[in-house]
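S.K.: Use the sequences and the hints to build the structure in full.
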Amino acid sequence: MGDLLTISALESGYGLIQVLWGSSLSVSLNQSVVLLGVNGAGKTTLLKTIAGLLTAWNGKIVFDGIDITRAKPNKRIAGGIGYMSELGIFPNLTVEENLKLGGYFRTEKQNRKRAEDMYEYFPDLKEYRKKMGASLSGGQRKMLGVAKTLMSNPKLVIMDEPSSGLSPKFVKKVVEVLKFLHEREKLSMLIAEQNVSFIDFAQKIYILDKGQVTFGGDVEELKGNDTIRKTYFGISH
Amino acid sequence: MLKKYFPSLGVILAIVAIFIGLPHFYDNQSFLFNLMLYLALAEGLNIIYGFTGYLPFGYVGFFGAGAYGGAIAITLLHISPLLGVLVGGVVAVLTGVILIPLLRLSGAYFAIANLAASQALYLVVANPSLEKITQGPYGIDLSSVYNANAGYFAMLGVLVFAMALVAYLRNSNFGLSLLAIKEDRVTASLAGVNVIRARSIAWMLSAFVAGMSGAVFGWYTAVFYPSTVFSLDVSVFTIVFVLFGGIASVAGPLIGALILYSMYNFIGISTPQYFQLFYGLLIVLLVLFLPDGVVSLLKKGKVYVP
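Protein chains in written order, with our numbering: chain X, 1 to 237; chain B, 1 to 306.
Worth double-checking, as some hints may not be accurate.
To be verified - Taking lysine to aspartate or glutamate pairs in the EDC-like style, the calculated list, with each CA pair at most 16 Å apart, reads: (1) B:Lys4 x X:Glu161; (2) B:Lys4 x X:Glu185; (3) X:Lys131 x X:Glu161; (4) X:Lys210 x X:Asp3; (5) X:Lys186 x X:Glu11; (6) X:Lys130 x X:Glu97; (7) B:Lys3 x X:Glu108; (8) X:Lys155 x X:Glu108; (9) X:Lys172 x X:Glu185.
What the hints assert, rightly or not - Distance ranges between label pairs, derived from CB positions: (10) X:Gln18 x B:Val186: 37 to 43 Å; (11) B:Tyr168 x X:Ser137: 33 to 39 Å; (12) B:Ala120 x X:Gly165: 43 to 49 Å.
If you are wondering where the hints come from, they were derived from the structure by calculation, not from laboratory data.
Just so you know, even glycine gets a beta-carbon here, dropped at the ideal spot from N, CA and C.
M.R.: Following this line, the structure appears as C-alpha cells:
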C-alpha cells in the first residue's frame, strides 16, 4: 500500500555463511523506523543487502514500487536510497567535496543549494568546509556523514549505527538532530541501532535477532513486551 | 563554470610555450623530447595512480604495446606515422581492456600482477617465432619514416592531451568520483558511483596516454628493441617522478619529472656514481619529510595547486 520499502523473507550472508534467515519489514513514506538488534544480529547485513552491497540469496526487496532485489548499488542510490555506513565519509577529501559526492547524481546548482541547507543545519560544517574530513572530530564526522547522505535528497535514508564510536553525550545530540531532521524534512528513515535511545523518535520499531525479525510495532507495544524489556531495558534502564 | 579550469589551463600553456620556445635557445632536441615523454608518462600514470590509487608497476607494458602497435601498423599497413601514434594508443587501450580484471586486486598485489603482465607482454613481443610481425628480439626499424621535428611536435601534442585529461579530472565530478574510489570503494559506491566502470575508464585513459607516448617514442627513435620499450626503468622513473612531484594535480607530476629528469641528465650521465647516491638520498628524504610530494609544500602554504 503506502509502503516505500518492503522486504519480504530476505535471506543473505557472506560466502557460505548465512546471516539473514527470512527477514521481513517495511517502511512507509515519511516514517521513521528503528531496527534494534545486538551485535551480530544481522543489522548491517540487512542494510547492506538493501543497498546492494550484498546480494540477496532469497526473498524480495521492493523500493518505491520497483523490485530492486537484483539491481546494482549505484542504480539503487540513484533511485532514491541514501545510505550512511558506520564510517561513512571520505577523510582525505574536504567537507565540501564530501558533500558534492553525496549529491553525485544531481546538478551542480542543486548541490549548491542543498549544501546551503546542510550548512544551516550543521554550522560546524560551514566553518570547516575547506578542511579535510580527517580533521573533524568524531561527532562532526558523524554530522558530515548525515549531511552527505541528505545531499541527494533521498526518498529513504538508511543509517547503520549512527551512534557507533560516539560518547553518550554526543549520542544524545545525534538523536536530537535526527529527530529534528525527521520532522523538518519529513524524512523516511530506517536506522539500525543497538542503542535504545534512538526509539525516542521511532514511529515503528523492529527487533532483529539471529537474522530474523522477532518483533515489529510501536514504542508502546515494545515497552509492553516483557522479554524485550528485559533484553534491551533490563539492567541499564 | 569554465573559470575553475583557468589555473590548469595556465599550466598547460606555460608548458607548451616552454617546449616551443626552448629549441630556439637550446639545441639538445633529444633531451627535450625525452623530457616531454616523461612529463606525458607522469601525467598518464597520475590518472590511474593519483586519482584511483592503483600503482601500476607494469605501466611500461602500455608504453611498449603502443610502441610496437604503432610501429607494426606503420611498417606492415603503411599508414602515416601520425595515424600510427593513434593506433599505438588504441593498442595500449586494448591491452588495458585485457588487463581490467587486475583491478580487482589491490595494493601490492595489483602492483606485482601488473608488473608480471608487462613482462609477459615483453616476452611475447620478443619471441623469435613472431619475427614476421614483431621482428622478435631484433628490434624495429622505422628509419624510412624518420622525422625528428614531426616526432617532436607529435610528442608535444600527446603531452598536451595528457595534461588536458588530468586538468579535466582535477576539476570535474568524474575526477572527484575517482578520488572517492581511492579513499574507499564501498563508500564511493554508496554515494552512487559506478566503481567498476569509473576505474576501468581511468585505467584505459591512462593506457591510452602511455600507448601514444610509446608510439611517438618509436617513431622519434626510429630503431628500437623490445628491451628498450619494455624496460622497467620506464615504470620506475615515471613512478618516482609522480611521487616526487605530488599526485592528483596537473602541476605535481610535471614538477617531479622536470626536476628529476633534468637532474638525471645533467649529473646522472656525466657522473653516474654520485648521481645514484644523490638520487637515493633525495628519495629517502622525500619519503621521510614530504610523503605527499613537492607540491604539498605549496598546499601547506595555502597555495592552490592546479
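S.K.: All hints, please: hold or fail.
M.R.: How the hints compare with the structure:
Distance restraint check for Lys4 of chain B and Glu161 of chain X: the Cα-Cα separation of roughly 38 Å exceeds the 16 Å cut-off, and the hinted pair is therefore not satisfied. Restraint check: the Cα-Cα separation between Lys4 of chain B and Glu185 of chain X comes to about 33 Å, which exceeds 16 Å; the hinted pair is violated. Under the criterion of a C-alpha separation no larger than 16 Å, the hint pairing Lys131 of chain X with Glu161 of chain X is inconsistent with the structure, at around 25 Å. For the hint linking Lys210 of chain X to Asp3 of chain X, the alpha-carbon distance of about 25 Å lies beyond 16 Å, and the restraint is violated.
Between Lys186 of chain X and Glu11 of chain X, the direct Cα distance comes to roughly 30 Å. Violation of the 16 Å bound is thereby established for this hinted pair. As the CA atoms of Lys130 of chain X and Glu97 of chain X are separated by approximately 9 Å, the hinted pair is consistent with the 16 Å bound. Distance check on the hinted pair: Lys3 of chain B and Glu108 of chain X sit about 14 Å apart at the alpha-carbon level, within 16 Å; holds. Between Lys155 of chain X and Glu108 of chain X, the direct Cα distance comes to roughly 20 Å. Violation of the 16 Å bound is thereby established for this hinted pair.
Our distance criterion of 16 Å between C-alpha atoms is broken by Lys172 of chain X and Glu185 of chain X, whose separation comes to about 20 Å. Checked against the given bound of 37 to 43 Å, the beta carbons of Gln18 of chain X and Val186 of chain B, roughly 21 Å apart, lie outside it. Separation of Tyr168 of chain B from Ser137 of chain X is about 35 Å and conforms to the stated range, judged on CB atoms against 33 to 39 Å. As the Cβ distance of Ala120 of chain B to Gly165 of chain X is approximately 45 Å, the hint placing it in 43 to 49 Å holds.
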